[in-house]
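Engineer: Here's the letter readout for the chains.
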Amino acid sequence: DTGVSQNPRHKITKRGQNVTFRCDPISEHNRLYWYRQTLGQGPEFLTYFQNEAQLEKSRLLSDRFSAERPKGSFSTLEIQRTEQGDSAMYLCASSLYHYEQYFGPGTRLTVT
Amino acid sequence: GENVEQHPSTLSVQEGDSAVIKCTYSDSASNYFPWYKQELGKRPQLIIDIRSNVGEKKDQRIAVTLNKTAKHFSLHITETQPEDSAVYFCAASEAGGGADGLTFGKGTHLIIQP
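In the order they appear, the protein sequences are chains G and L. Residues 9 to 120 (my numbering) make up the first sequence, in order. Residues 1238 to 1351 (my numbering) make up the second sequence, in order.
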């Protein structure tokens, strides 16, 4: 499968714990995006990388969230001190140019 | 920041009829407008997109139109089929202008009645 992949697919954690998600983009894509989607809503943009550089961050990305893409390939999204409001589907997308973002299957986070 | 409004929230059409979903955007700097289809439990799937230098784009039964002056764009699906049933999202971004992150509408649940 040459599409965007995300791991884990599901994560259940207790409030206050830290979690980390991984995204592997389509191999030739140099742009990588993180979004969050809650039930019945459209995806909300969190942050975006071009190669290793984090170029854009949404106001939604609080201090508890951090994303990295150290070698310009895969990316990780960490949430520290999780809260119940963090429960959502975390989606990753990648693109070759500024257009045509292709999404991964997402990581569903449940904070209990 | 950008704000995208999408209507209707639910659309029910008879199989074989056409469906139209409309979106408006607020930021005149936005220049890229994709549409995604999301089936229950699946990832959003890019189905068509349009850039601001084009007024209309077609791909088989799907077409998108853009009116930059009025800041609105629409998705048209002709000869609807049961497999078209899904949630459709419009989105907008200022691609290449430092704001590549997409702003999505709230979605339209399209129901194709047999």
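Hints are supplied without guarantee of correctness; some may be wrong.
[As the list claims (entries may be wrong)] Each computed DSBU-like pair below joins lysine-lysine, with the alpha-carbon atoms no more than 30 Å apart:
| hint | chain 1 | residue 1 | chain 2 | residue 2 |
| --- | --- | --- | --- | --- |
| 1 | L | K1305 | L | K1343 |
| 2 | G | K19 | L | K1343 |
| 3 | G | K65 | L | K1295 |
| 4 | G | K65 | L | K1259 |
| 5 | L | K1259 | L | K1294 |
| 6 | L | K1343 | L | K1308 |
| 7 | G | K22 | L | K1294 |
| 8 | L | K1279 | L | K1343 |
| 9 | L | K1279 | G | K22 |
| 10 | G | K65 | G | K79 |
| 11 | L | K1308 | L | K1294 |
| 12 | L | K1279 | G | K19 |
| 13 | L | K1295 | L | K1305 |
| 14 | L | K1308 | G | K65 |
| 15 | L | K1279 | G | K79 |
| 16 | L | K1343 | G | K65 |
| 17 | L | K1259 | L | K1305 |
Derived by calculation from the structure, the hints in this document are not laboratory data.
Engineer: Each hint: holds or not?
Structural biologist: Consistency of the hints with the structure:
no.	hint	verdict
1	K1305/L / K1343/L	holds (21 Å)
2	K19/G / K1343/L	holds (25 Å)
3	K65/G / K1295/L	violated (33 Å)
4	K65/G / K1259/L	holds (28 Å)
5	K1259/L / K1294/L	holds (15 Å)
6	K1343/L / K1308/L	holds (17 Å)
7	K22/G / K1294/L	violated (47 Å)
8	K1279/L / K1343/L	holds (17 Å)
9	K1279/L / K22/G	holds (26 Å)
10	K65/G / K79/G	holds (19 Å)
11	K1308/L / K1294/L	holds (17 Å)
12	K1279/L / K19/G	holds (17 Å)
13	K1295/L / K1305/L	holds (18 Å)
14	K1308/L / K65/G	holds (25 Å)
15	K1279/L / K79/G	holds (29 Å)
16	K1343/L / K65/G	holds (21 Å)
17	K1259/L / K1305/L	holds (14 Å)
In the structure shown, a violation is registered for the earlier hints numbered 3 and 7, in ascending order.
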